[in-house]
Amino acid sequence: MSLLAIADLSVQFESRSGTVPVLDHIDFAINTGERVALIGESGCGKTVFGMSVMRLLPSNARITGSALYAGRDILRASEREMQQIRGKKIAMISQNSAFALNPVLTVGDQIAESLTLHTSCRGEGLEREVIRLLTSLGIERPKENMQKYPHEFSGGMRERILIAMALACNPDLVIADEPTSGLDALVKAQTLRLLKSVMQDRTLLLITHDLGTASALASHTAVLYAGEIVEYGPTHELFRHPMHPYTQGLLASSPSAGFHPIPGMSPAPGQVPHGCRFCPRCSSAMDRCNSTHPSLKKSGNNRQVRCLRYD
Amino acid sequence: MTRNILLRVSVAILFLYFAVALLAPFIAPYGATAIVGAPLQPPDSEHLLGTNNVGQDIFSQLVYGSQVTLIFGFCSALLSVSISTCAGIVLGYYGGSVDEVVCRVLDVLMPIPIFPLLIVLTTFFNPGVVQVSIVMGVLGSIHGIRLIRAPALSLAETPFIEGAKSIGASDLRIMSRHILPNLMPIVTVKFVTASQHFLVMGVGLSFIGLWDTMTVDWGSMIQNAYSGGALSLGLWWWILPPGLAVVGISLALALAGYSLEESFNPRLEVNRI
Amino acid sequence: MIDGQYLLRRIGYSGAAFFVCVSITFFILHLMPGDYITNYLLSLSNTLPKEVVAQFYQQYGLDRPPWEQYLIYIYNILQGQWGYSYQYGLPVFPLIMEKLTWSLVILLPAVLFGIIIGIVLGAWSGWRSGGKKDLALFNFMIVFRAIPEFWWAIMAVWVFAFSLQWFPLGGFSSISVLDSGLDPWDVLYHAILPICLMTSFVATGNYYVMRNSMIAVIGEDYITTARAKGLDEHAVLWNHALKNALLPMVTMTTFQVAGIIMGNVFIETVFSWPGIGLLTTEALTMRDLPLLEGIFLLDALMTIGAMLVADILVSYLDPRIRMGGQ
Numbered sequence: 001m002s003l004l005a006i007a008d009l010s011v012q013f014e015s016r017s018g019t020v021p022v023l024d025h026i027d028f029a030i031n032t033g034e035r036v037a038l039i040g041e042s043g044c045g046k047t048v049f050g051m052s053v054m055r056l057l058p059s060n061a062r063i064t065g066s067a068l069y070a071g072r073d074i075l076r077a078s079e080r081e082m083q084q085i086r087g088k089k090i091a092m093i094s095q096n097s098a099f100a101l102n103p104v105l106t107v108g109d110q111i112a113e114s115l116t117l118h119t120s121c122r123g124e125g126l127e128r129e130v131i132r133l134l135t136s137l138g139i140e141r142p143k144e145n146m147q148k149y150p151h152e153f154s155g156g157m158r159e160r161i162l163i164a165m166a167l168a169c170n171p172d173l174v175i176a177d178e179p180t181s182g183l184d185a186l187v188k189a190q191t192l193r194l195l196k197s198v199m200q201d202r203t204l205l206l207i208t209h210d211l212g213t214a215s216a217l218a219s220h221t222a223v224l225y226a227g228e229i230v231e232y233g234p235t236h237e238l239f240r241h242p243m244h245p246y247t248q249g250l251l252a253s254s255p256s257a258g259f260h261p262i263p264g265m266s267p268a269p270g271q272v273p274h275g276c277r278f279c280p281r282c283s284s285a286m287d288r289c290n291s292t293h294p295s296l297k298k299s300g301n302n303r304q305v306r307c308l309r310y311d
Numbered sequence: 001m002t003r004n005i006l007l008r009v010s011v012a013i014l015f016l017y018f019a020v021a022l023l024a025p026f027i028a029p030y031g032a033t034a035i036v037g038a039p040l041q042p043p044d045s046e047h048l049l050g051t052n053n054v055g056q057d058i059f060s061q062l063v064y065g066s067q068v069t070l071i072f073g074f075c076s077a078l079l080s081v082s083i084s085t086c087a088g089i090v091l092g093y094y095g096g097s098v099d100e101v102v103c104r105v106l107d108v109l110m111p112i113p114i115f116p117l118l119i120v121l122t123t124f125f126n127p128g129v130v131q132v133s134i135v136m137g138v139l140g141s142i143h144g145i146r147l148i149r150a151p152a153l154s155l156a157e158t159p160f161i162e163g164a165k166s167i168g169a170s171d172l173r174i175m176s177r178h179i180l181p182n183l184m185p186i187v188t189v190k191f192v193t194a195s196q197h198f199l200v201m202g203v204g205l206s207f208i209g210l211w212d213t214m215t216v217d218w219g220s221m222i223q224n225a226y227s228g229g230a231l232s233l234g235l236w237w238w239i240l241p242p243g244l245a246v247v248g249i250s251l252a253l254a255l256a257g258y259s260l261e262e263s264f265n266p267r268l269e270v271n272r273i
Numbered sequence: 001m002i003d004g005q006y007l008l009r010r011i012g013y014s015g016a017a018f019f020v021c022v023s024i025t026f027f028i029l030h031l032m033p034g035d036y037i038t039n040y041l042l043s044l045s046n047t048l049p050k051e052v053v054a055q056f057y058q059q060y061g062l063d064r065p066p067w068e069q070y071l072i073y074i075y076n077i078l079q080g081q082w083g084y085s086y087q088y089g090l091p092v093f094p095l096i097m098e099k100l101t102w103s104l105v106i107l108l109p110a111v112l113f114g115i116i117i118g119i120v121l122g123a124w125s126g127w128r129s130g131g132k133k134d135l136a137l138f139n140f141m142i143v144f145r146a147i148p149e150f151w152w153a154i155m156a157v158w159v160f161a162f163s164l165q166w167f168p169l170g171g172f173s174s175i176s177v178l179d180s181g182l183d184p185w186d187v188l189y190h191a192i193l194p195i196c197l198m199t200s201f202v203a204t205g206n207y208y209v210m211r212n213s214m215i216a217v218i219g220e221d222y223i224t225t226a227r228a229k230g231l232d233e234h235a236v237l238w239n240h241a242l243k244n245a246l247l248p249m250v251t252m253t254t255f256q257v258a259g260i261i262m263g264n265v266f267i268e269t270v271f272s273w274p275g276i277g278l279l280t281t282e283a284l285t286m287r288d289l290p291l292l293e294g295i296f297l298l299d300a301l302m303t304i305g306a307m308l309v310a311d312i313l314v315s316y317l318d319p320r321i322r323m324g325g326q
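So the protein lines, in turn, are chains F, X and A. Numbering-wise, the first sequence is residues 1 to 311 according to my numbering. Numbering-wise, the second sequence is residues 1 to 273 according to my numbering. Numbering-wise, the third sequence is residues 1 to 326 according to my numbering.
Simulated from the structure, these hints should not be mistaken for lab results. A hint or two may mislead.
Unchecked claim - Here are some, though not all, of the chain X residues that point toward chain A, as calculated from beta-carbon distances under 8 Å:
1. L40
2. V120
3. L183
4. L255
Unchecked claim - Chain F regions said to be covered by chain A (calculated; three or more residues, Cβ under 8 Å):
5. 98-104
6. 194-208
C-beta atoms are modelled at their ideal positions from N, C-alpha and C, and glycine is treated no differently.
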């Protein structure tokens with residue numbers, strides 16, 4: 001059984017100028033032990049997806065559909081129940097380590113906070129646990145460093161602290177939103193290696209625009225375009241034989257493949273084309289792509305693709 | 001939606017005040033200081049708002065008084081915002097050692113209380129309303145420069161300014177055509193709030209006797225009525241008109257300021273859908 | 001472990017600011033037609049004994065070159081020799097100090113309660129920003145603040161003193177002070193209305209700043225991080241949002257408090273409260289320049305001091321500055 005099964009998830013934002021759909025009818029499942037990457041360009045709704053699973057979207061967001069976690073629909077859970085789930089069952093590594101840590105609290109306090117909330121660790125045991133977490137993430141002199149404030153650390157170190165915070169209560173599922181954003185190449189590689197080792201036996205939902213991060217960490221990959229999943233499959237297969245023209249374009253646009261960008265821009269939320277949403281930018285578009293909206297179809301061995309060419 | 005209506009109503013009220021100040025000689029039936037009737041007459045058809053303790057027509061004083069009050073409020077705000085904007089943009093755009101030095105000087109000048117200083121300067125020079133407004137504008141700009149400098153600085157580092165530089169646009173052109181338009185929302189809000197602040201403060205300073213005794217404005221009218229015993233005698237027509245006139249324009253400016261600030265600052269707006 | 005260099009720099013700025021103020025008052029006094037001492041003595045009596053003039057010339061160094069006069073002036077200011085009031089015929093400094101005590105009777109409770117009330121309401125309002133109650137309070141505060149302080153004071157006198165007769169019309173004490181001496185309860189009774197008004201002025205200013213500060217903090221990523229840990233709203237507010245929202249308040253509050261100097265002038269004038277504010281109005285009406293300069297220097301000292309305290313407080317509270325960053 002899936003750890004998290006999302007069915008027909010749609011998210012809309014209400015604003016003065018009307019309702020803006022951001023995610024459309026997402027079906028998606030993560031099994032225990034899987035590490036799934038959700039990739040897409042900025043603005044495609046991937047961060048909103050992570051936040052809707054955590055139920056941390058702003059009050060003007062309207063969520064429909066269901067998200068079954070351990071047999072329970074967390075989209076219908078009460079706020080109190082969600083507080084029991086957040087941090088303890090489903091933890092999040094926020095993007096942008098420079099702003100995700102509270103500047104006026106020591107990092108030790110911030111890590112200990114989750115532990116005090118969800119476990120029975122107190123006093124010396126609590127301190128030991130914080131030290132253990134910091135050590136496990138390769139932070140030296142943990143006893144000294146836990147007294148420090150976030151601004152005293154480098155970006156890579158802050159990222160590690162965020163990971164330590166997320167792993168503190170040994171959650172069933174970790175959602176990592178752009179865990180390596182803003183880091184330079186060397187630190188990014190180190191952080192990725194570390195993430196890979198600590199996530200080895202865990203379930204991870206990785207949200208990223210970076211194909212390298214996805215291929216390094218994820219066992220499965222879902223490609224998100226304009227609020228829809230357009231392709232899903234095991235990472236190495238999907239990267240080797242991309243089926244959807246958008247995925248092919250993404251791979252071709254990566255620097256290692258020669259940097260051939262996809263022409264055009266992804267549509268703004270609320271202004272998506274009528275037929276296939278990728279049609280205006282697609283080099284292999286057919287006539288009916290303009291009018292017919294394709295559905296996500298199984299294609300061969302555990303792969304799914306949303307493209308009329310595979311119908 | 002309601003904020004938008006509020007803004008329009010406020011602007012309409014402001015236009016009304018301006019019209020009264022500009023057309024004062026045509027609206028006011030008598031001169032501001034002319035003694036035209038018996039003292040302390042209640043309102044009647046001859047004196048719309050009655051007369052004060054020396055028999056001056058209160059309605060005429062109210063109409064003429066708007067000139068001093070509006071000149072002080074808007075001239076000083078216009079000057080202070082202009083200086084802040086120019087200085088802020090130049091400092092933010094060029095940066096460097098001049099910026100460094102000016103910012104240090106501003107750090108030093110910041111805690112100097114400007115209104116007590118204005119009182120001292122006015123007492124010494126004993127100048128007219130326009131001159132005092134100029135002094136006020138200069139003093140008031142000290143607090144505004146940083147407000148403009150910070151966004152100007154971040155604008156100067158954006159790619160589109162770099163781009164304008166690379167195609168050979170002159171510094172003056174970049175500052176006036178590229179940086180200034182982007183700062184207009186902040187400048188507008190600052191101007192409206194400064195007008196309100198200075199206008200109310202001007203009436204207040206007049207209330208405590210900043211102008212000479214011949215100057216008629218709302219502050220001196222309130223002062224006369226208050227110290228003349230309008231409250232104890234229950235002469236509402238003596239004290240209420242100038243007070244309500246200040247409250248009216250101050251409210252219009254304040255509401256216009258907040259409405260503008262909200263429409264320009266998306267962060268404040270997000271939280272109030 | 002406050003960064004010593006930062007502290008020294010702030011103290012240096014404060015000293016420089018006061019130096020600028022003293023220089024301004026010196027130049028204004030010396031730009032005056034005729035010299036100030038002769039003007040002062042003439043205001044006391046028509047005949048000027050030679051010895052007296054000579055003694056004043058000695059003290060103020062009026063027979064020396066201008067730059068020496070300047071140094072003597074600064075020295076005198078630091079010694080508490082702030083010149084003489086035309087109107088009262090008294091030294092300015094002790095006069096101001098006596099009036100300051102009376103002002104503090106109103107200002108101390110008003111600032112204390114005003115800051116607390118403003119911050120509590122502002123934090124509450126900002127935390128619930130966008131809600132109906134927040135909007136109602138916010139709009140009320142906008143309107144309250146837009147109405148001038150002196151007009152509130154006049155209306156309060158009209159309603160509570162004249163119409164309802166709950167409070168005295170003004171002054172600091174009943175007429176019985178002549179027989180029985182100053183009664184603290186009587187003074188308090190006279191002070192309640194001005195204190196309430198000043199408190200609400202301080203509170204509205206702080207409310208608006210605190211609300212904005214809170215709204216800014218709510219949008220920060222670390223608030224989301226805190227929620228993602230599973231903290232309830234109460235804990236997010238108290239453990240994460242409040243301290244961050246309060247930090248800029250320390251500086252902003254001093255700006256607010258510095259701004260109430262003029263509010264205090266209006267309140268004291270309307271209520272005839274014998275403090276610095278009423279003294280300002282009297283000095284302005286009489287064009288008593290030395291006294292006004294003294295009041296300006298006092299106001300400057302108060303705001304400069306308040307801002308220095310705020311800087312030190314912030315650098316103590318904010319780990320980013322305390323560690324010498326930024």
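Hints versus structure:
no.	hint	in the structure
1	L40	17 Å, violated
2	V120	5 Å, holds
3	L183	20 Å, violated
4	L255	7 Å, holds
5	98-104	holds (count 6)
6	194-208	violated (count 0)
Hints 1, 3 and 6, counting from the list given before, are not met by this structure.
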